[in-house]
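Colleague: The primary structure of each chain is shown beneath.
Number of protein chains: 2
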Amino acid sequence: MKLCLIGYGNVGYGFVRVLLRHGLWLRERFGFAPKIVAVHDIRRGTVLAPEGLDLEALAAAWVENRDLSELGKSGAGLDAFAVIQECGADAVLELTPTDLRTGEPAAGHIRLALTAKKHVVTTNKGPVALFGKELLSLAKENGVQFRFEGTVMAGTPLFSLVDFALAAPVRRVRGILNGTTNFILTQMETGKSYAEALAEAQRLGYAETDPTADVEGFDALAKIVILANMVLGGDLHPSDVPCQGITKLPSSEVQRAPKEGFRWKLVVEARRTQDEVEAKVGPERLPLSDPLAQVGGVLNALSLELDPLGAVTIVGPGAGPEVTGHAVLSDLLAIHRGLR
Amino acid sequence: MKLCLIGYGNVGYGFVRVLLRHGLWLRERFGFAPKIVAVHDIRRGTVLAPEGLDLEALAAAWVENRDLSELGKSGAGLDAFAVIQECGADAVLELTPTDLRTGEPAAGHIRLALTAKKHVVTTNKGPVALFGKELLSLAKENGVQFRFEGTVMAGTPLFSLVDFALAAPVRRVRGILNGTTNFILTQMETGKSYAEALAEAQRLGYAETDPTADVEGFDALAKIVILANMVLGGDLHPSDVPCQGITKLPSSEVQRAPKEGFRWKLVVEARRTQDEVEAKVGPERLPLSDPLAQVGGVLNALSLELDPLGAVTIVGPGAGPEVTGHAVLSDLLAIHRGLR
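Line by line, the protein sequences are chains X and S.
In terms of this note's numbering, the first sequence is residues 1 to 340.
In terms of this note's numbering, the second sequence is residues 1 to 340.
Keep in mind that the hints were calculated from the coordinates and are not lab data.
Each hint should be verified, as a subset may be incorrect.
Note that the list lumps identical chains together, so a pair holds whenever it fits in one copy or between two copies.
Unchecked claim - In the SDA-like style, the derived pairs of lysine to any residue whose C-alpha atoms are separated by at most 20 angstroms in a straight line are:
#, residue 1, residue 2
1, Lys133, Glu28
2, Lys140, Gly77
3, Lys140, Arg29
4, Lys35, Lys117
5, Lys133, Phe30
6, Lys140, Glu28
7, Lys140, Arg337
8, Lys133, Arg29
9, Lys35, Glu253
10, Lys140, Phe30
11, Lys192, Pro242
12, Lys192, Leu138
13, Lys259, Ser289
14, Lys140, Gly338
15, Lys259, Leu288
16, Lys280, Glu269
17, Lys73, Pro97
18, Lys248, Asp235
19, Lys35, Gln85
Since the structure is predicted, the reported quantities are computational estimates derived from the model, not experimental observations.
Assemble the whole structure, with the sequences as input and the hints as a guide.
Modeller: See the structure below:
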């Protein structure tokens, strides 16, 4: 399988590292030996390599912050669209930064790649939250796959679980899908103020300099819209979903709850009712007996509810370059194996 | 897909009920419309129905405890082996009671079916714990599938998760796989003696009249051997694995632990070392911060450890006729869809 990476930031680098470590196992076990034939990054430049790039060299170029054109045939002057069209890849990895408002430029890259009959794997929440069903249809029309395991819970398998392991429809999902706010709330329980907990999260790299997308619930919102539409068959736009973050939650309330047998969590939920799908994002005061109340720090968790299983809960890491890189790799492996 | 059921007890009935409820969805979504063309049960008799049995009638016969031969062409006089050979099914469901010592008669049924190039789905731990790798090889030689999702954690997807959602090898598994003992320990924490907690479990149908297989750890042992061999690639026999149950655990110790920040659990573990696979079963005093310490009542949980994800934990029901029936259905659906 020939791959084209659009975007070579943390996730792209994480993907290359995971492929370096598990490439031999994947080849022996599944006959899966992907080659990276093109990489385009708006800051790091562009390289075309029809024979496949050396992965060690590609990883070193990231660490040393070298221009990618040094690794093979330079693609200087080509934009992402031209690279997708000319790279000769079977699959395009859309790994550019997320824009939750427009989904661009990722959505455009994905549309072009699918129309050109290339499989697409993305970790970018924007296009899936805004145009997920349209992109799935476009993939189907063109006889290729569109997969997005890394958009929710990073590398913790979720869509693959739903796609390949269940024999009944999911009725409701409920979980904690933003590690940053979960870390902040866990810190606040120990007596820190919101500002102190946020500063600690920023110091550890869990929160960005501008933490708005996490603390106002927008990241969790994008994820629950993806689940509502792609797992429950809804047709929601993010603006349809009530969304509240954690910034208005008094520290005193977060600190008092555990003494009363409760814990505050930023909870997402989506459910299918008689004829529609509803979703919401907001802080909830959960009894300690709720499995979600036990999910601490940056961990994520999601309960899937379906007949006859009741609730099945999966708990795992929700962020991290290599973890998200694993999601990309598992999507590519599914495509290679013809799982669909 | 034409199915033959060998064994029509609780799990067989649970399977039929789940198929009744979700059959329409499965047909619309996956074009999957299995027909049951033969059922053999040592107590309930035998029926052959090349055109497929009416599922409502089959369920009613179970409830009313009627002889199966009333539902179609009688197979009186045919044993399980003859039924497997003559039923014309594409897939055999081996759902007879478990014998953890010999794996029979299930192992014989499975060998015959695979040799006759029929797919096999089983929920029977005995043959998988004792002969799992041999049976997988036999399936491969004959170009058919051998699947066993229901043997561990009932319908909570586990083998499908490993088979279809991971892109790196699992290094260690660790979990709580026996709901009966977990229920008893949870009850003991509230002040009950072992005998009182066991009686309560028996009253609720969680423990059998002879609870030996659960409380001495033999059920958990069979499950960890299945995981060690089928997920981690080991070659263990149950007699290779240190196994201790909960009968020697003093109630006072179980009751005191939570006050000290711990909880006693019957933990199973298997891990791959440099060149071998090791496993064990026994009670452990877990800190409350361990995710497994939070798994109460009859729930089961398993953490899968792999690079780069660290631990991914799945929590769900570990027993129940319909839940186990869902496992059978999900295995059949995987076969129908050509997932392998």
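Colleague: If a hint holds in the structure, say so; if it does not, say that too.
Modeller: Hints versus structure:
Within a single copy, lysine 133 and glutamate 28 get their C-alpha atoms only as close as 35 angstroms, which misses the 20 angstroms cut-off; across copies the closest is 19 angstroms, which meets it. Proximity of lysine 140 and glycine 77 under a CA criterion of 20 angstroms is satisfied in neither setting, with 32 angstroms inside one chain copy and 51 angstroms between copies. In this assembly of identical chains, the alpha carbons of lysine 140 and arginine 29 lie at most 20 angstroms apart only when taken from different copies (15 angstroms versus 28 angstroms within one copy). In this assembly of identical chains, the alpha carbons of lysine 35 and lysine 117 lie at most 20 angstroms apart only when taken from the same copy (18 angstroms versus 37 angstroms across copies).
In the homo-oligomer, the alpha carbons of lysine 133 and phenylalanine 30 lie at most 20 angstroms apart only across protomers (18 angstroms), although the nearest pairing inside one protomer, at 30 angstroms, exceeds that limit. Taking the closest pair of Cα atoms, lysine 140 and glutamate 28 come within 20 angstroms of each other only across two copies (17 angstroms); inside a single copy the shortest separation is 30 angstroms, beyond that limit. In this assembly of identical chains, the alpha carbons of lysine 140 and arginine 337 lie at most 20 angstroms apart whether taken from the same copy (17 angstroms) or from different copies (17 angstroms). For a Cα distance limit of 20 angstroms, the shortest separation of lysine 133 from arginine 29 across copies, 16 angstroms, qualifies, whereas the shortest one inside one copy, 33 angstroms, does not.
For the homomeric pair lysine 35 and glutamate 253, neither the shortest alpha-carbon distance inside one copy (53 angstroms) nor that between copies (57 angstroms) is at most 20 angstroms. Within a single copy, lysine 140 and phenylalanine 30 get their C-alpha atoms only as close as 25 angstroms, which misses the 20 angstroms cut-off; across copies the closest is 15 angstroms, which meets it. Neither within a single protomer nor between protomers do lysine 192 and proline 242 lie at most 20 angstroms apart by alpha-carbon distance, with minima of 28 angstroms and 46 angstroms respectively. Within a single copy, lysine 192 and leucine 138 get their C-alpha atoms no closer than 48 angstroms, and across copies no closer than 60 angstroms, so neither meets the 20 angstroms cut-off.
For a Cα distance limit of 20 angstroms, the shortest separation of lysine 259 from serine 289 qualifies both inside one copy, at 14 angstroms, and across copies, at 17 angstroms. Taking CA atoms no more than 20 angstroms apart as the test, lysine 140 paired with glycine 338 passes in both settings, with 14 angstroms inside one copy and 18 angstroms between copies. Proximity of lysine 259 to leucine 288 under the C-alpha cut-off of 20 angstroms is found in both arrangements, the shortest distances being 10 angstroms within a copy and 16 angstroms between copies. Taking the shortest alpha-carbon separations for lysine 280 and glutamate 269, only the intra-copy value of 5 angstroms comes in at or below 20 angstroms, while the best inter-copy value is 38 angstroms.
In this assembly of identical chains, lysine 73 and proline 97 lie within 20 angstroms of each other by CA distance neither inside one copy nor across copies; the values are 25 angstroms within and 64 angstroms between. Taking the shortest Cα distances, lysine 248 and aspartate 235 never come within 20 angstroms of each other, neither inside one copy (29 angstroms) nor across copies (56 angstroms). For a Cα distance limit of 20 angstroms, the shortest separation of lysine 35 from glutamine 85 inside one copy, 17 angstroms, qualifies, whereas the shortest one across copies, 47 angstroms, does not.
The structure fails hints 2, 9, 11, 12, 17 and 18 (numbered hints given earlier, in ascending order).
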